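Here the protein sequences come in this chain order: R and W. Residue 9 is where the first sequence starts when you use my numbering, and the numbers rise one by one after that. Residue 56 is where the second sequence starts when you use my numbering, and the numbers rise one by one after that.
Hints are not guaranteed to be accurate.
[Stated by the list, open to error] Not the full set, but computed from the structure, chain W residues with beta-carbon under 10 Å of chain R:
# : residue
1 : P248
2 : F607
3 : A749
4 : D753
5 : T849
6 : Y905
[Claimed, not checked] Here are the computed lysine to aspartate or glutamate pairs in the DMTMM-like style, where the Cα-Cα straight-line distance is at most 25 Å:
#  : chain 1 : residue 1 : chain 2 : residue 2
7  : R       : K129      : W       : E741
8  : R       : K252      : W       : E741
9  : R       : K176      : W       : D908
10 : W       : K654      : W       : D730
11 : W       : K252      : W       : D135
12 : W       : K122      : W       : E92
13 : W       : K252      : W       : E200
14 : W       : K876      : W       : E200
15 : W       : K554      : R       : E250
16 : W       : K799      : R       : D97
17 : W       : K252      : W       : D882
18 : R       : K252      : W       : D591
19 : R       : K323      : R       : E351
20 : R       : K178      : W       : D908
21 : R       : K252      : W       : E549
22 : W       : K554      : R       : D247
23 : R       : K279      : W       : D908
24 : R       : K279      : W       : E549
25 : R       : K252      : W       : D135
26 : W       : K556      : R       : D97
27 : R       : K122      : W       : D908
28 : R       : K252      : W       : D550
29 : R       : K129      : R       : E193
30 : R       : K178      : W       : D591
31 : R       : K288      : W       : D908
32 : W       : K881      : W       : D258
33 : W       : K122      : W       : E95
34 : R       : K176      : W       : E858
Keep in mind the hints are simulated off the structure, nothing from the lab. Bear in mind the structure is a predicted one, so any value in this text is a computation, not a measurement. Glycine residues also receive a C-beta, built at the ideal position from the N, C-alpha and C atoms.
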Amino acid sequence: MKRALGVTLLLASACDNGFPPETLVDSLRVLSVRSTPADLVPGESASLEGLVLDPSRPDAGTAVLWLGCEPDPYNQNRSACSDPALLQDPGSFTPQGADGGLPAGMSLLGFGAKATLTTPKTLFDVFPQGDPRRVSGTVAQVLAFAVAAEVKPTATRAELDDLFARVKSKEVPSLITLFRLHVSESPERNTNPIFQHLLVDGAAWPDGAHLVVEAQQQLTLDVEAPDAAFEPYTNVTPDGVEQKTERLMAAWFSTGGRFTEPRTALREGVKTVFTSPGGKGDPVPGTREGSLWIVLRDTRGGQAWQQVPFVVCAKGLPTPNVTDVRAPSNPAFPVAIDGQHLEYLVDVLVGETALVGGGLNAATGFWEGKLPPLPKGTYPVDFLSRSCGRHSTGLSITVP
Amino acid sequence: MTPRVALAFFVLAPPAAWAQADGGATGVLTKVPQLLEQVEAEFPASMLDAGTGGTVGMELDVGPDGKVMDARVVESAGLDFDQAALFAVRRFVFSPAEVDGQPAAVRLRYSYTFFFKPVVEEKPIEALDAGIAPGLVNFSGRLLERGTREPVAGAQVVVGEGEAALVAVSDEQGRFELTDVPPGTRRVVVVSPDHLKYEVTEDVAPGRRTEVTYYVRRRLYGGYETVVRGQKEKKEVAQVTLSREEIRLIPGTNGDAFRVVQNLPGVARSPYGLGFLVVRGGKPWDSKTFIDEAAVPVLFHFGGLFSTYNSNLLEDLSFQAGNFDADFGRAIGGLVKATVRTPSQSGVHGYVDVNLVDASALVEAPLGKDWSFALSARRSYIDVDLPAILGLIPGAKDAISFSVAPRYFDYQARVEWRPKGTKTRFFVNLFGSSDVLVAALPNPALDPEGRGSFGTSIWYNRLLLGYDTPLSARVDFRTRTTFGFDDVSFNVGEDLYAKSKQFPVQSRNTFTLDLPEVRSKLEAGVDWYTLPYVVDAQSPQIIKLNQIPDPFASRREQSEHSQTTMHQPAVFANAILKPVEPVRVVAGARVDWNSVMQKAWVDPRLSAHWQLNERLALKGAAGLYHQPPDYRQGQLSATFGNPDLKPEGARQYMLGAEARFTDAISLDVQFYYKDLFDQTRATLGENGTSNLSAAFEDVRYKSIGKGRGYGAELLLRHALTKNFFGWISYSLSRTERDYAEGTKWGRAPFDQPHNLIVVASYKLPYDFIAGVRFRYVSGALTTPYVGAIQDANTGFYFPLPGEFFSRRLPDFLQLDVRLDKRFVYKDWMLAVYLDVQNATNRGNVEAVVYSFDYTHQAYLTGLPILPVLGVRGEW
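Produce the entire structure from the sequences given, and follow the hints as far as they go.
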């Protein structure tokens with residue numbers, strides 16, 4: 009019943025009440041935490057990485073403090089990392105020396121974009137061999153404490169105290185993210201989802217290319233993932249085991265524009281419609297550029313993400329005229345594009361893949377970008393422009 | 056000039072206080088007094104010249120011997136008429152009234168009408184005696200009320216004019232007969248205090264008997280009919296009883312009796328007006344509802360719009376906010392008791408009611424001499440309406456769809472044997488209710504594991520057998536035995552579910568021994584409740600208060616597949632003592648046992664009522680109350696709960712007074728204190744411990760909770776009179792409880808300091824009835840959020856709660872209005888009603904909604920103005 013009430017309130021909150029949409033990234037956000045590998049066996053280590061963004065401070069860094077809690081072998085959620093009383097007070101997480109001052113069972117995993125978590129090898133020793141709880145497992149809990157300030161790992165105690173005081177007073181924005189990592193002796197391992205294509209109005213968008221949209225244009229977006237991403241697994245239930253297949257959920261974010269659905273389930277018929285910036289309360293950015301992020305989650309804790317930059321085009325702008333495409337003899341060098349109005353060129357497409365890191369080289373006058381890894385062959389060269397649309401150059405390029 | 060006198064009479068229930076003073080008139084009026092000796096009043100000479108008539112309304116106190124002990128004018132027609140009427144009626148003789156089969160004193164309402172008729176020259180009527188033998192009935196008939204076809208008793212039928220006019224008074228069946236009516240064209244006049252004067256001309260043929268049926272029109276319909284019945288002396292000191300008509304006309308309740316209870320002192324308003332029965336700040340589970348002493352598991356259909364039992368079948372409904380006597384138990388809050396009426400023994404009656412939400416129908420009729428039956432049913436059509444309604448809300452239709460849209464039905468069937476003039480009756484009552492909702496979320500990504508549906512179904516059925524009979528002159532016996540079948544299920548997706556089938560058997564058997572020589576009555580009985588049930592459930596462990604739950608519920612699922620039979624026998628006894636006449640004391644106790652808990656408890660209770668004078672009474676009560684923990688939520692489950700829990704307890708105390716300012720206006724004031732102990736509380740998780748390798752006992756609930764409630768309740772009530780009824784209900788209360796395993800103390804979730812309700816209904820001309828209800832209630836409590844953390848496994852934020860229920864939302868203010876209009880036809884009536892909830896379209900705050908990260912918040916307001924138009928045909 010609580011879930012039903014929750015859904016009702018969720019629907020109620022979905023009504024137009026003036027709240028900023030969940031999909032809009034305009035301040036400090038942690039959109040995803042990814043572990044590699046996606047789950048652990050006791051004694052194994054995981055590399056943790058967060059998708060931490062703060063468009064409100066484009067030129068400043070964000071400090072991330074990683075804290076880990078001992079897994080509860082009984083899977084009873086006993087952990088300081090999920091104790092609301094502790095989480096209300098960021099001061100609880102002020103590290104003092106070698107984990108001193110942290111709540112019992114909590115340890116410092118690292119500073120920065122990444123951290124490493126290692127689970128105790130003896131985690132399930134409290135159970136006899138063959139106990140099903142070793143297979144059903146438990147969770148390791150990790151906190152990513154993001155602070156909208158730059159903190160050096162060498163910061164002094166006084167500097168940290170001052171920062172945490174300002175965090176507590178909300179003078180400095182901060183965000184605590186809780187991540188759970190499944191730990192078990194199950195031979196079936198989970199892997200993070202695989203992002204294959206962004207589908208725009210049902211067709212695959214060129215890999216690595218900007219999404220070029222007109223102001224207030226509506227696009228139906230979806231994500232394509234390979235069959236292998238939908239992993240089969242054995243679920244341990246109270247009455248035995250059952251064979252299941254993972255489901256993949258996509259969460260949609262952007263720096264501008266609006267989505268009809270903040271989340272969609274892949275291959276389940278529901279798609280989101282993205283309306284590009286330009287509407288009321290959603291102006292076109294000055295640079296006419298922004299980003300979309302798609303976070304993929306499977307139903308076992310695996311995560312992956314993809315960034316898709318977008319450009320709000322305008323039909324009145326000049327359309328580039330590409331007269332030549334010069335393939336480099338050395339793949340380490342960029343492909344050079346020659347022509348007129350190249351400053352309005354957004355992406356050059358080799359087949360269905362964009363050149364990497366493309367842009368106008370003021371020194372040479374060419375628009376340059378590197379070839380992505382592609383199978384050998386000859387590919388037509390098209391381009392996307394700020395004047396909207398995909399244009400064919402009538403030229404081709406051969407990948408040796 | 057010769058005055059003619061017309062008279063009529065009707066009987067009213069004797070007020071309890073007066074009846075008690077006489078020492079005997081308690082129980083049910085089993086025999087209506089008949090006027091045996093009528094003395095004609097003399098038309099005041101002074102009024103002859105004035106040339107007018109008048110009607111004097113009087114109250115007569117008739118003794119057990121049928122003689123008039125006292126008479127008072129309650130509706131004056133002028134001093135001369137009043138004196139003449141009083142002089143006459145004080146010499147009347149009635150047949151003795153009987154209460155519970157014994158002669159008893161009663162109070163009657165009597166109207167005496169003086170008709171002024173100018174003196175006319177008497178002429179011999181042609182063929183006056185032609186063809187008629189003296190003393191032979193040659194004019195007879197029946198008086199029925201237009202629209203309802205109910206017999207009109209006590210009406211005067213006047214045939215002819217002047218000195219030759221003949222008069223008959225209709226009996227209980229509305230029948231009358233006259234002898235020796237002269238043949239010819241005769242004017243017939245029917246006079247009844249509650250009905251419009253009826254005039255007709257009849258041709259009386261010589262040598263033949265003229266049979267007629269007259270349909271007389273009630274002065275006002277749909278209003279405040281007073282049932283001719285005795286009124287039971289109140290045993291309970293803290294009880295409010297509502298009559299059928301009070302129930303039907305209160306705005307905002309759609310005529311539903313059980314929703315009317317929510318307008319009484321001690322009952323908190325539940326959010327969105329949902330049907331939670333929150334009494335004196337307690338949990339909804341603390342209060343119980345009984346229909347003919349059978350426990351009803353679900354009082355309201357979805358949304359709380361209607362109760363699961365048809366109110367039109369109820370005789371009356373009583374509510375006690377606390378301190379009920381020992382005959383009822385397993386509850387530490389309040390008590391709602393409804394009594395089902397005997398189906399019509401006077402003819403076929405019923406109704407069909409159609410409104411925007413549901414349709415219902417009722418039919419009732421006699422079956423032979425002493426049997427009668429009633430059948431009724433209700434079916435909602437929200438499942439038809441809802442898609443259209445969702446279509447009006449932007450995005451709602453895309454957000455949710457229903458595999459089975461919310462729909463409910465209920466049914467009631469009753470057969471009763473009730474010989475007239477006796478206290479014996481036997482009835483069989485079959486009733487039940489079903490609510491089903493299955494919703495599919497088009498976007499399953501709202502759930503971390505992709506569950507895209509949820510559903511709930513509640514179905515209950517009860518077969519109730521009841522028998523009342525006197526075993527001797529002093530001993531009465533009453534038994535109620537109920538057999539039930541309940542099927543309850545709830546699911547989210549396919550893997551989280553709770554299904555239960557229950558087969559409750561309840562038997563309540565009560566013996567009452569009357570000991571008038573020691574001014575006492577003893578009541579004792581057995582209250583047995585056996586509940587065999589089958590549970591099939593799978594869900595995650597309960598979320599502990601100081602834990603952020605793992606969003607992947609399938610990782611921590613538990614299941615239970617069990618069959619259990621819970622026996623809950625109880626015995627109770629009450630002694631109703633009158634040590635001195637104005638003082639009544641009820642001392643009682645009950646002993647309960649629960650087979651699953653393997654625990655027994657004893658609840659002594661005491662109440663006293665002191666009638667200081669006819670206008671003022673004092674009262675007080677104290678008692679101990681227990682109930683088993685809420686096993687429906689699995690609190691006693693070995694898998695999900697704790698079978699070692701103690702019964703939840705309450706010590707209740709009450710002091711109060713009852714004042715009767717006039718016969719219609721009364722005031723009831725109560726002060727109460729409730730001390731709660733051994734309340735079931737969810738335990739805290741062992742967060743923060745560094746010794747996670749240690750095994751631990753996962754205790755989900757403990758009997759460690761404490762709480763207290765105190766306050767004052769006031770009910771200023773204007774009882775049903777000809778044109779008006781209403782009340783002002785005000786509750787001033789405070790309810791507190793412990794939190795976090797007793798480490799904190801704060802307001803209870805349903806704490807509602809102020810609750811003011813004004814209800815009024817007034818009869819207007821042309822069969823219109825207008826009603827209003829105004830409510831002012833303190834805002835609901837909610838737990839503020841002091842922040843939120845993001846759950847990276849789902850991308851959702853989880854709020855961090857502040858002090859539990861420490862934030863009060865803005866106060867609730869609402870005005871509801873209702874207008875009824877009746878169209879009366881010969882055999883049936885058509886009622887059209889408009890019930891407008893929130894007539895001022897005020898946006899009352901019901902909850903707080905938050906942005907995705909809990910940094911922004913807004914109020915969620917309740918329903919806007921909601922007019923409900925309905926049509927009801929009655930016959």
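Numbers of the earlier hints that this structure fails to satisfy, in rising order = 1, 8, 25, 26, 30
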